Each structure stands twice: as C-alpha cells, then as structure tokens.
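2 protein chains.
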Amino acid sequence: MNDTSQALSRILNPRSIAVVGASNSFANPATNLMASIISGGYQGKIYPIHPREKTALGLAAYPALTDVPGEIDLAVIVVQSRLVPGILEQCGAKGIGQAVVITAGYREMGTEGAALEKELLAAARANGVRFIGPNCIGVINSHAKLDVSMFLYEGTAGAMALVSQSGSYITQPLPYFKRLGMNLSSAVSAGNQADIDIADCIAYFGEDPTTRSVAVYIEGIADGPKFIEKVKKTTVKKPVVALYVGGTEAGSRAGRSHTGAIATPDAIIDGVFAQSGVIRVDTVQSLYDTAHAFATQPLPRGNRVAVITNSGGPGTSMADAAARRGLLVPEFSEALRKQLREIVIPTAQVNNPIDLTMDFDLKRFFVDVPQIIINSGEIDAVLFYGVFGGTHGKRKFESLVDGPDLAALEGYDSYMSQMAEKFVEILAKAGIPVLSSSFTGIEDVPVARMMELGVPVYPTPERAATALAAMARYARWQKGGIS
Amino acid sequence: MNDTSQALSRILNPRSIAVVGASNSFANPATNLMASIISGGYQGKIYPIHPREKTALGLAAYPALTDVPGEIDLAVIVVQSRLVPGILEQCGAKGIGQAVVITAGYREMGTEGAALEKELLAAARANGVRFIGPNCIGVINSHAKLDVSMFLYEGTAGAMALVSQSGSYITQPLPYFKRLGMNLSSAVSAGNQADIDIADCIAYFGEDPTTRSVAVYIEGIADGPKFIEKVKKTTVKKPVVALYVGGTEAGSRAGRSHTGAIATPDAIIDGVFAQSGVIRVDTVQSLYDTAHAFATQPLPRGNRVAVITNSGGPGTSMADAAARRGLLVPEFSEALRKQLREIVIPTAQVNNPIDLTMDFDLKRFFVDVPQIIINSGEIDAVLFYGVFGGTHGKRKFESLVDGPDLAALEGYDSYMSQMAEKFVEILAKAGIPVLSSSFTGIEDVPVARMMELGVPVYPTPERAATALAAMARYARWQKGGIS
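Same order as they appear, the protein sequences are chains A and B. The numbering used here numbers the first residue of the first sequence as 779 and each following residue consecutively. The numbering used here numbers the first residue of the second sequence as 779 and each following residue consecutively.
Keep in mind that the hints were calculated from the coordinates and are not lab data. Just so it is clear, the structure is predicted and the values come from calculations on it, not from any experiment. Glycine included, C-beta positions come from ideal geometry on N, C-alpha and C. A portion of the hints provided could be inaccurate.
Stated by the list, open to error - With a straight-line Cα cutoff of 25 Å, these simulated DSS-like cross-link-like pairs (lysine-lysine) come out:
#, chain 1, residue 1, chain 2, residue 2
1, B, K923, A, K1172
2, B, K823, A, K1172
3, B, K1200, B, K1116
4, A, K823, B, K1172
Claimed, not checked - Simulated restraints, written as ranges between beta carbons of each label pair:
#, chain 1, residue 1, chain 2, residue 2, range
5, A, G819, B, D1146, 51 to 61 Å
6, B, S787, A, M1136, 45 to 55 Å
7, B, P841, A, D1146, 34 to 44 Å
8, B, E1156, A, L1184, 54 to 64 Å
9, B, I1046, A, P987, 11 to 21 Å
10, A, Q858, B, K1207, 54 to 64 Å
11, B, A935, A, G1189, 33 to 43 Å
12, A, T1125, B, P1043, 38 to 48 Å
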C-alpha cells in the first residue's frame, strides 16, 4: 500500500475525528456533518472544535485541535477558506496526518480561488497532511459505521464504492439507495482534488476487500496518463463504472463552475476509459444500477440469458432490451421445453421468456422452474420479473365486504419471501447471476427480502437487462475478449 | 364520434357493470377484478354473474346476464374460453353492447386458439357486441372512478392515457405511478385486439377531453395503414408516445407467445411512427416518464433551457444530458447574470446552470431567482433540482442529544411546500414548462406537494432532461418543423 492509499485507509477508518467548525447551530454545515457522524453510529471519539462553544451536540468542544487531549486521526474542516491554512498548521502541531476539507471557494471560483487552493496545498504539504477536497461533502464507510456527509446513510454494509467529483452524488442519493436496496461499501466526495484525486481513490478501492465495484462521477480528468495507469490496475480485478458529464459545452461549463474541472472532449474520454477498462454509462441512474449489479451478483460465464416472468409485457420488454444490448435470449432446447411443459399450467409459455402467467403456485415459479432451467446448462444468467407481495392487495381488500383474510395475505408475503430465499440459494449455488425488477417497491415485504438477499430489484424491467448486459461485456473484457 | 369511439366511451364510462365469473373466492381472477371495481370507488351498479353464488363480495349475484333486473352497459367476462360465446349470446339477448373479454387462451396459443378467437369475434358480431380483448386485463378511467384491473388505482384523476398490448403494463405499475405522482386519465389493456384495437383506442383518446397525452405499449402492428390514418389524427392534437418491443428476434418471439402479435421489423415501425407522428421511446420507464411530462406541463415554445439547482452534480448532469438530447442550455446574458449575482450568495454560480449551492433562503431559490430568469425572456423551459424537505433529516436528528427542534423541521417542510406552490404559479403564469428531479421520494412532504401541483419529480436528473427533450421535439414537429 502506497502513502496515498494509507492516507485514504486512515481517512475511511479513523479511530477518532475532529470536526473543525461544529457548534450547536444546525444552520452551520459543520454541525450538520457532525450530526451525521453521530447518528450514523460511529464508535470512535468525536471532537468538535469551536472557538467559543464548550459543548456541541452534547460532546465536549475544544477551541483548537491542539487543545484536544487524545490523538486525532482525521480532521474534518468546515471553516471559512481564509482560516483553513491555520487549521492545517494545528494539524501539523498535533500530528494529524489526514483531513477532509469541506470548505468551498477555491478553484471553482476562478483565478483568485485557484491561488487560495495553491496556498491550501502548500500548507498541507508543509504540515504533513494528506487530504480530500476542498469543496467536497465528505466520506462514508458503511463497514466502519462512518458517515461524514449531510444525509444519513441508512443501508447495511455493502460492496459498491462511490467516488465522485460531486458531493451531492455521495450524500443526496442516500434515501434513493435505501429505497432500492443499494448498499455502499464506502464513498468519497473528491471535490476539487487538490491532493488526493479520483484515480487515487479508484486505486484504493481496487485493493479494498469490502469493495466489489466502483462507481465514479467525473466532470473532468486533469491527468489522463495517471488515471489510466492507476485505474487499469483496478479494472483487471473489479469493475469500474463511470459517468462523464463534461463532453458537451453546457456540461463542461457547468462542471467548471462546480468543481473547477477542465473538461475533456468525449472522444478523448472514450479513449482514456477504453485504455483503463472503465465501463462508461450515460446517466447517474445507470451508474448506480450497473455498479449495484456488479456489487451484488457474480459475473455471468457467458451471454445466454433466461427470462423468467409471470407477466408477458415485462418478460417481452426484458427479452427485447437484453437482445438490443448484446445478450442472447436463446430458444430453449426441445428437451428443456418438454421438461418445463410437464410442470407448468396450460396458459404458460416455455420458450424463453418462460412466462408462467396467472399461476399462483409460488414454489413452481421461484424454485422448480429455475432449477430445471439451471440444470439444463443452457443459460448463463437470469432476468426475473414477478415479485409482488400482499402489501398492495391489502390496500385493495381492506375496504371490502366479505374480503379475503388479511392475515392470510401476510402469510402469503412470508411464504413468498421464503420461496425467494430458495430461489436466491439455487442461483447462488450455481454461480448464476440474477437481476430482477418489480413495480412494487421496498414497502412490499418479498421485494425487501429479495433486496436483503442481494438481488437487485429495479423499478422497471429494462434496467435489469441493461445492467446485465454491462456485466456480460465486462466478463468478456476481463477474460481478454473484446468488450 | 364513430361507432368504435362510442363503444369505447361506453366501456370507459359505464352506468352499470356485470362481472361474469365473479364469486367469493379470491383465487378467482373475476373476483379480484370485481374487488378492484368496488375498492376503486365505482358509483354505478355492479352485478356479479355466477352459476351458483347468491351473493359475491356482498353484492347480489345472478346466474346469467339475462337474469339481471336492471340495464347493463358493460360485461366484464372472465370465464373459460369455451363458455365465452354463450355469454356473448346472453349479451345479445340482454342488449349489452359492450364487453371486456379478460379470458386468455386464444391467438396467443397457436392455431387452435386462433380458431377460437375467430369464433369469439363471430359471436360478438352476431350479438351486436363491441369488445376489448380477449387475453387482456381490463380498463381504468380515473375520472369515472372505474378500475377494472387487478391492482388498485390510487392516484387522482389525471391526463395521461395508457394503451397497451400488455395487461401488466396497465395494472402492475399502479404502485409505481402512485410513488412517482403519475396520474392517469384512462387505461386500456388491448390484449389480442380481436375487435377494438390500439389504433382505435389512440383515436378515441385523441378526442377525449380528459386526456392530454397517450402512452402506448406495442408488440406488433397488424394493420399499418389503419394505424397511420387513425393515429396521425391524434398526434396533430396531442402527443402519442410509444414503446415497440418486437424489433428483435427475442422480443418478437416473446410478443408472439404473449399476445399472438406478429412483429414488424424495427425500420418499418420507425417508418410507421414517423408517418403517424408517434414519439418512439426505448424503455417502459421512458414511456411513462415522457407521457407524464406531456400530461402535466405545457409545451416549450423553444429549445432554450434554464437549469436551476442547489447542487452542482445534478445541475451539471441535467445540463449535459439536455445538451446531448438536442436542447440548448445557453449562457445567460451579462445583464441577466448581473441581476442574479445581485441577489445570490457569493458561492452561487449564475451562468446557467444557476447553482445556488448551500443557500438556505428558500424564497430566493423557489421564487426570486426563477422570476428573474423568466422575466428575462432568455429561456423556454426549466429543469429544476433541489426539493428535499425535512423527512430524511428528521431520521438523522431524532437520536441526537441537543438536536434541532423536530417540530421546526415540519415547519420547514410546510414553508418549502408553500414556496414550491409559488414557484409552480410563476411558471404556470408564464406558460413555461418545468420538470424536476429529487432523490427523496413522495414520502418527503415538499416532493409530494410538487407532484400534487403537477410538476414531474423524477428520481434522477437525466430523466427530467430526457423527457423535456421529447417535449421540445414534439413542439417543433407540431409547428410543422422537422422533429
């Protein structure tokens, strides 16, 4: 592990944190960040640093970093930009080697800000401090229960790492991630990247055992050769998915005023990504969708997909979307069709998509059919549609005279959840990836269970097909084929 | 109004309904459909028809349609296929001119099923019955509180009509629509289209005053010339957005076994859509997103977009995505920038995107800045990011010692909702469309308020930009330009 990786490791796994600027006012972003650290369940020491406050959010506060009695691993700095160099001197005096500089007003503000940023970097170097930022929102490490960001991380410890030039994309999607069952390993808001940059973070996550995939949001790449060198070491081991938004005049102008990024033409970015093995996506939705699939499911061993559904429209959409994105949805062999035909109801369709239609036998849908298909050896991956439990039905039925037993609906939910567990077990045992979709969300018990079991449940069918296509391309590329 | 439109009007606005097959068993789809009709709040008479039951879900049941004392406008038929012709004869005898045939097992099942479908059509013709289906899921008309579908419609009376060869796409997304604030006018599951087809439905919604946009899911078009003739009469008046999934071998195979659709090559579909003025999309997500934008917002008068945000990443993404999709994100004039600069905080960026950054003055964000931009006359549409209320913060703050006043957070929600109301009012007055996005969902009070006010709030920023680009293209096409 090089020095930068060691610094990042300490930033993401600090034994103690000072929040410079935190008070008791929630109009103050430092206080808000410290509130996230506390509410996130961080177990180390937290030291608010404030010139006047004696306590902040119930914690003892100190006027300067040098006044803190214990050791400090990480200084989170949220003060006016003119005060930052002085704080870095305190870091030096106190022996604090790592910082996250949240403060904005640097390179993104033009020439004067760029000069300030140079001073900041010089002060950090002079005092032996490695840092993230400035103009960033913080970092998250779910495995250390560390949330230095504005929103609250409410997921479990996951395997998707985020690296972003936009702080918003680290913290504001946290409710979205929660709703979609997307769990993070870590997240870094890289901001203006005055010291540690995106390439450093990607290299770090390449080695991080808690991370299986890396999602990156980029407004500009300053050092292309460094990016390629660092990132390709990661992509041979784990997938890196990236969204680049600087390729249009409008995007480049927006990025420049956001993080001072100097945009690069799209074609050059495509070249940089190709040389470093990065998977490019074109929306933030696709960024999260794709990295989530990689973080939760094994890579497909080939291109052949079974579409398993209980609904014709979504099954057809998934089959069509998969085929358009380079996957094969092969006709099943006669032998396999015959085997399937023997167990399904007459209205069912067995020729990939297999569509069970209105079949209420959940074991057949979740267990028997998937097992037969997997045993056939005819497919490498599964696209699945058809998890919806009783939540929605309950709202429909509760006003009825002579309605069904609502307690039975809960039984239905729990039975479907059990079947979903068996389904996931069968696929995991065979090493076959599965991506699914459902129009009902996490409020639906069996959908939530699928998510807990690490199966992506996207809100619409094509999203599952699109993410799977990216997985198959990466698997081919990793084996040395052409992506 | 021609005969087919009259029949559709009666199907969607029946004064009374018979549900043929309904019992007290919820394993029976007829019962389930009737439960939706009841729970949906339908105000007309409902007659369950069942050979043995005396009542069904508390309603008096009758052995045959001809036994019902009152008049019947619509027969919903959910019995075995061999029984359907007999039911149609009862319709003839009773003078019921309209039916929805839910029953499956026709053309989609091969030659034998196709023969059955011919018999069905002959029986309907012989008895003077016009019908939707067979192999469909039903119809919805939110303005008549009519939900003949499996899930429960929980939205308000909206302006987006759905026409679909897949029944699932009419009913299973209802929870999804609710979450995203997408309200329907009506929906028709066209199934095998033995009598009334998709083109008929689109023509009907072209005349329907409650409908502003039509979203269509297509697996195959049997009669291209009819489609073009009927649909172009609608598209000159209101937008028709369509997803076609039969263009790949896999999609075509799936569609054939789903609704017996004979698929058409992609290039021919593109021609048919171009000649009829249909906007083609490539995912069901985009289908609903786009039609929802059209249903709720005015058309932009031109191509120039202002991106208003309080967050750099989403602002940059929206600007880049808009530019990639053919919209202009022009630099603001010096005069406009000067005016904006005078009222915003120093870290704000005013050169489109206008990014207010960490500015807690909601009036500035929702009212003052938008008003100045609109008054400038420099833009035709707004992409907006930055609605997130206190819901998420509350979960973060509630465990804190010395946390903020949680009641004040509710005050914040209600103040933000008020500001959102003013924002929508300003835009509506100017006739400027606005599409927005937020990672927090409908559980967030101000997000829900925006949705109620008819502003699309998509979960991710690029979805707003994509839908707006479709609106601008349609507006140009409608004016006689090239789309």
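The hints, checked one at a time:
no., hint, in the structure
1, B:K923 / A:K1172, "19 Å, holds"
2, B:K823 / A:K1172, "24 Å, holds"
3, B:K1200 / B:K1116, "24 Å, holds"
4, A:K823 / B:K1172, "24 Å, holds"
5, A:G819 / B:D1146: 51 to 61 Å, "40 Å, violated"
6, B:S787 / A:M1136: 45 to 55 Å, "29 Å, violated"
7, B:P841 / A:D1146: 34 to 44 Å, "39 Å, holds"
8, B:E1156 / A:L1184: 54 to 64 Å, "56 Å, holds"
9, B:I1046 / A:P987: 11 to 21 Å, "53 Å, violated"
10, A:Q858 / B:K1207: 54 to 64 Å, "40 Å, violated"
11, B:A935 / A:G1189: 33 to 43 Å, "35 Å, holds"
12, A:T1125 / B:P1043: 38 to 48 Å, "29 Å, violated"
Going through the hint list in order, the structure does not satisfy hints 5, 6, 9, 10 and 12.
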